[in-house]
Amino acid sequence: MTRELHEPMDEDPSSGEARKTEDSYLNDNQQAHFPEEFSPDFLKLYYGRLFPFDEMHKWLSYGHDGKHPGCDSTFFSRREFSFTLEHDIYVRYLSFRDVPEMETAFRDKCPHKIDIGSIYNVDPAKRMAYAHGAGDSVFSPVEKELVFDVDMTDYDDMRTCCSGADICSKCWPLMTITIKVLDTALREDFGFQHILWVYSGRRGVHCWVCDSRARRLSNEQRCSVADYFHVYKGNQNNNKKVTLSGAALHPSLSRAYTDVLKPYFEEQILPNQSLLSSEEHYEKILQMIPDDAITSQMRDRWQGTRRSSSSNEEVNLTRWRQLRQALELSKKNQMLRRSVEEIIFAHTYPRLDLEVSKHMNHLLKSPFCIHPKTGRVCVPIDPDDCDNFDPSTVPTLSQLLNELNNSKSNVKGSSKKVSKDWERTSLAKSICFFRTSFLEPLLRSCKLEIEAHHQGKIQELAGRPTLNW
Amino acid sequence: MDFRVATSKRLSGDGGPLGGSIVADTGSRLSLYETAPNVEVSLEEFEQFALDRLRVLKGIEEVRARRKRLEELDTVVIDLWRKHMRTPNAADLNKKDVVSHFVLRLAYCRTEELRRWFLAMESALFRHRFRCESSDSQRKLMDDYKLPFKAISVAEFEVLKDKLGQVCRSLNQPLPTADSAYYKVPFEEVPDLVANRKILLGGGHAFVPREQLALLVVGQFRTRLSKALVLTNRFVIMKWTSVCAEDEKDRLAPIVESLSTRYLGADYTQPDSKRDISSKDLDNLAKTSFPLCMHHLFKKLREDHHLRHGGRQQLGLFLKGIGLKLEDALAFWKNEFSHKIGPDKFDKEYAYNVRHNYGKEGKKTDYTPYSCVRIIMSTPGVGDHHGCPYRHFSEENLRATLGTLRLSTPAVAEVLEKVRSHHYQLACATAFEAIHGSPSEGINHPNQYFDQSQKLLQSVKSSEVSAAN
Numbered sequence: 001m002t003r004e005l006h007e008p009m010d011e012d013p014s015s016g017e018a019r020k021t022e023d024s025y026l027n028d029n030q031q032a033h034f035p036e037e038f039s040p041d042f043l044k045l046y047y048g049r050l051f052p053f054d055e056m057h058k059w060l061s062y063g064h065d066g067k068h069p070g071c072d073s074t075f076f077s078r079r080e081f082s083f084t085l086e087h088d089i090y091v092r093y094l095s096f097r098d099v100p101e102m103e104t105a106f107r108d109k110c111p112h113k114i115d116i117g118s119i120y121n122v123d124p125a126k127r128m129a130y131a132h133g134a135g136d137s138v139f140s141p142v143e144k145e146l147v148f149d150v151d152m153t154d155y156d157d158m159r160t161c162c163s164g165a166d167i168c169s170k171c172w173p174l175m176t177i178t179i180k181v182l183d184t185a186l187r188e189d190f191g192f193q194h195i196l197w198v199y200s201g202r203r204g205v206h207c208w209v210c211d212s213r214a215r216r217l218s219n220e221q222r223c224s225v226a227d228y229f230h231v232y233k234g235n236q237n238n239n240k241k242v243t244l245s246g247a248a249l250h251p252s253l254s255r256a257y258t259d260v261l262k263p264y265f266e267e268q269i270l271p272n273q274s275l276l277s278s279e280e281h282y283e284k285i286l287q288m289i290p291d292d293a294i295t296s297q298m299r300d301r302w303q304g305t306r307r308s309s310s311s312n313e314e315v316n317l318t319r320w321r322q323l324r325q326a327l328e329l330s331k332k333n334q335m336l337r338r339s340v341e342e343i344i345f346a347h348t349y350p351r352l353d354l355e356v357s358k359h360m361n362h363l364l365k366s367p368f369c370i371h372p373k374t375g376r377v378c379v380p381i382d383p384d385d386c387d388n389f390d391p392s393t394v395p396t397l398s399q400l401l402n403e404l405n406n407s408k409s410n411v412k413g414s415s416k417k418v419s420k421d422w423e424r425t426s427l428a429k430s431i432c433f434f435r436t437s438f439l440e441p442l443l444r445s446c447k448l449e450i451e452a453h454h455q456g457k458i459q460e461l462a463g464r465p466t467l468n469w
Numbered sequence: 470m471d472f473r474v475a476t477s478k479r480l481s482g483d484g485g486p487l488g489g490s491i492v493a494d495t496g497s498r499l500s501l502y503e504t505a506p507n508v509e510v511s512l513e514e515f516e517q518f519a520l521d522r523l524r525v526l527k528g529i530e531e532v533r534a535r536r537k538r539l540e541e542l543d544t545v546v547i548d549l550w551r552k553h554m555r556t557p558n559a560a561d562l563n564k565k566d567v568v569s570h571f572v573l574r575l576a577y578c579r580t581e582e583l584r585r586w587f588l589a590m591e592s593a594l595f596r597h598r599f600r601c602e603s604s605d606s607q608r609k610l611m612d613d614y615k616l617p618f619k620a621i622s623v624a625e626f627e628v629l630k631d632k633l634g635q636v637c638r639s640l641n642q643p644l645p646t647a648d649s650a651y652y653k654v655p656f657e658e659v660p661d662l663v664a665n666r667k668i669l670l671g672g673g674h675a676f677v678p679r680e681q682l683a684l685l686v687v688g689q690f691r692t693r694l695s696k697a698l699v700l701t702n703r704f705v706i707m708k709w710t711s712v713c714a715e716d717e718k719d720r721l722a723p724i725v726e727s728l729s730t731r732y733l734g735a736d737y738t739q740p741d742s743k744r745d746i747s748s749k750d751l752d753n754l755a756k757t758s759f760p761l762c763m764h765h766l767f768k769k770l771r772e773d774h775h776l777r778h779g780g781r782q783q784l785g786l787f788l789k790g791i792g793l794k795l796e797d798a799l800a801f802w803k804n805e806f807s808h809k810i811g812p813d814k815f816d817k818e819y820a821y822n823v824r825h826n827y828g829k830e831g832k833k834t835d836y837t838p839y840s841c842v843r844i845i846m847s848t849p850g851v852g853d854h855h856g857c858p859y860r861h862f863s864e865e866n867l868r869a870t871l872g873t874l875r876l877s878t879p880a881v882a883e884v885l886e887k888v889r890s891h892h893y894q895l896a897c898a899t900a901f902e903a904i905h906g907s908p909s910e911g912i913n914h915p916n917q918y919f920d921q922s923q924k925l926l927q928s929v930k931s932s933e934v935s936a937a938n
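The listed protein sequences derive, respectively, from chains A and B. To convert, note that position 354 of the first sequence is 354 in the working numbering; the numbers rise steadily by one, no gaps. To convert, note that position 284 of the second sequence is 753 in the working numbering; the numbers rise steadily by one, no gaps.
Pulled out of the complex, with its shape left as it was, chain A reads as follows (with noise of 0.2 angstroms):
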């Protein structure tokens, strides 16, 4: 209700300074002849030539596209889109009734931003036919993917690599393990099968849990399950980022925590942002002790061996191992040593943006955009293989013109036939691991379930008493 746009004024709080530094670590594999990351000519070819029409009707169609009696044809057309023009100009309840029109909508406007929306219950662009004068009109929502959203500014405050817009190596992993946390979870302990993660374009990922049951689910309904992951509770006016009661975890927690949380917290987490080797950030892990006693004796220890010989890295290894120890040896056992479960899950743990997941009416960014501050493709993402995933060799928009150009002139000898352009960039390898991994396992239980549901409606009419007497 709050906020329909997906925050499109947050995007860019940081000043003009942070995003030079952000420029210079994406500009590394800059080719000659497109220049520039971005500019409305390059998205009005990039709309002309690369982007996947087919591949994204059929999923959102989700099999409605088919000869099938049971299919509904006004389904892809009862979604909303919504475009952000040039100078930021938002125009909502757009939809498409087929791919030509979408490609024909597409070129001519030429968008810098693609919303997708929910699915209506009549044409949201005919909505104001539906509406019943003054007062709430018949017009809503039926049914959305079940969305999540994580963007890097909300680890700020530990991030001591950069912040703000900026991303790195070393803060990178702290979107791969939301990647990995998340998506066990509601794969094992939802039992979603349809899963896409996508790379935001610049400092995050969004997640489309696109199966039926999840499409369908009621906003308190998606609360719940957000609120499954809420976790992280930190603000700025509170110290206390996680508290962790009972004897034990649960499961959920304690799976995310063995096979996720914990190790990379020790290997890349706590050695690459250094969160013990400087007194302003080990402050604020001690900050999270309930134990004087142990704080003052770690203080202590750790201001006198300032650096000598040691690298940084054992630094932060070494004094892990101390306050490790130290808490676990102590007398009030369960409390404390669940101190060293908090201070992991506080730097680790997804820390999500709940409000996009909760409604569904939120409009999340479409796969397959051009990011306009970073001419990135929004990619998506291996869950499997995210570990790989590096965001700095996402193509960029310049990238895939110029691929574009080179490979006219080899195509021309060669006797191969390349029916999509797409096919001869490095876009390639995106749009074959959305159809193969996600969009061909989707369809297959879309049908089924068309299928089902057909064969139910006969049963029901037949069953049914006729009118005739």
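Hints are computed from structural coordinates only; laboratory data are not their basis. Accuracy of the hints is not assured; some may be wrong.
[As the list claims (entries may be wrong)] For lysine-lysine, the following PhoX-like pairs were computed, each having C-alpha atoms within a straight-line distance of at most 20 angstroms: (1) Lys817(B) - Lys373(A); (2) Lys667(B) - Lys537(B); (3) Lys630(B) - Lys653(B); (4) Lys373(A) - Lys769(B); (5) Lys809(B) - Lys373(A); (6) Lys794(B) - Lys809(B); (7) Lys233(A) - Lys667(B); (8) Lys109(A) - Lys817(B); (9) Lys809(B) - Lys769(B); (10) Lys749(B) - Lys803(B).
Got chain A sorted already, so can you dock chain B onto it with the hints?
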């Protein structure tokens, strides 16, 4: 006097969603409200019953914000029920219960916001009443709903035993034994248990211990009521206005319409027209009459020249409510934000949101300033300054912040005492009294805090004037 209103005849029509004729006698005092009652009700009763029920629901809303234990809530809710729903004749209690419920359905079906509130409060009421029923009548109610859930087999229990035990330990409850029965239900049925991680989830199933089965009944109640409200709304739009309107326009319609606006007292959507506030008054007003939550946001905005989305909403709508006009609001936010991001970026990225809140963009809804309950229930994250300081600040932070308001030490101690027992609104009222040196009427809404404060200051001023004369 003979104002007879044959409720069901007029409201149900034939085959309407409120259709059906006679309340099924469940043999229990607790009704499932499956069918509208076919009883004659006087016009006074029609309104009085509904108002009494509203008092109960409103009371539930207040206590829910205080994080009480479930058992305590049971007592509070049942007391509320006994106090307001008493009838001179015990036999009429059922009638009053059912009639008041259906009248409020009519009043609260009209917008998403009203439906959500009504659904939440009615479900809470049902839940507490259900918990207080005898186990015999509980079982009867469950039979009425024909819940299809089966207990898991011994073999399945053995497989899951460890994990089920882990859940129990995480909640500090005794371990399950061979004869503890667990029911396997879709997770969608038990949102409360999912949200708090109180059950084991696996493959989309929730494993619900027998003691929690009551929640399933509440879940069913909620689902059915939710559907019924949407249907009632459609029915009201179609039939109320066309068929019933002529003969009911002057009788029922005004009562029903006023019921939905009475629930929170004023909701402050329409700013006080008598008051004319311009942005230059704000600094002064913030000092004298803003509640702590708004005072804090205002201060942070002045300091940082930026607020994240949640903060902009909470403060922006409040300012609208105290009478800041759209033009002034735009000027105010622009002036602040420009320090940091420049005026152009403000116009492009933030102005839309300000206009949106005043109902000038998008859906064109005039948004309502947030109430205390809503603010207390919000979940501020990293970098956020919104929320209720009494609820979301750590104690040290709150103490420091209260100090800046120049509260005396005993007053601060009294406020903190209220906070520790989770009486956030009482804490706010205590602060109000300490600041103004005058008792408050209780604080339910930041705008009400503001109005009370202004009223007091005005009367002080006018008495000074008359004293001077």
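Going down the list of hints, with the structure as the test:
1. The straight-line distance between the Cα atoms of Lys817(B) and Lys373(A) is roughly 15 angstroms, inside the 20 angstroms bound, and the hint therefore holds.
2. Pair hint Lys667(B) plus Lys537(B) holds up; C-alpha atoms about 17 angstroms apart against a cutoff of 20 angstroms.
3. The straight-line distance between the Cα atoms of Lys630(B) and Lys653(B) is roughly 14 angstroms, inside the 20 angstroms bound, and the hint therefore holds.
4. Straight-line distance between C-alpha atoms of Lys373(A) and Lys769(B) comes to about 28 angstroms, which puts the hinted pair past the 20 angstroms bound.
5. The suggested pairing of Lys809(B) with Lys373(A) holds, with an alpha-carbon distance near 19 angstroms, which does not exceed 20 angstroms.
6. The suggested pairing of Lys794(B) with Lys809(B) is violated, with an alpha-carbon distance near 24 angstroms, which exceeds 20 angstroms.
7. Annotation: proposed proximity of Lys233(A) to Lys667(B) holds, straight-line Cα distance about 18 angstroms (limit 20 angstroms).
8. Pair hint Lys109(A) plus Lys817(B) holds up; C-alpha atoms about 18 angstroms apart against a cutoff of 20 angstroms.
9. The hinted pair formed by Lys809(B) and Lys769(B) meets the criterion: a straight-line CA distance of about 13 angstroms does not exceed 20 angstroms.
10. At roughly 13 angstroms between alpha-carbon atoms, Lys749(B) and Lys803(B) fall within 20 angstroms of each other, so this suggested pair holds.
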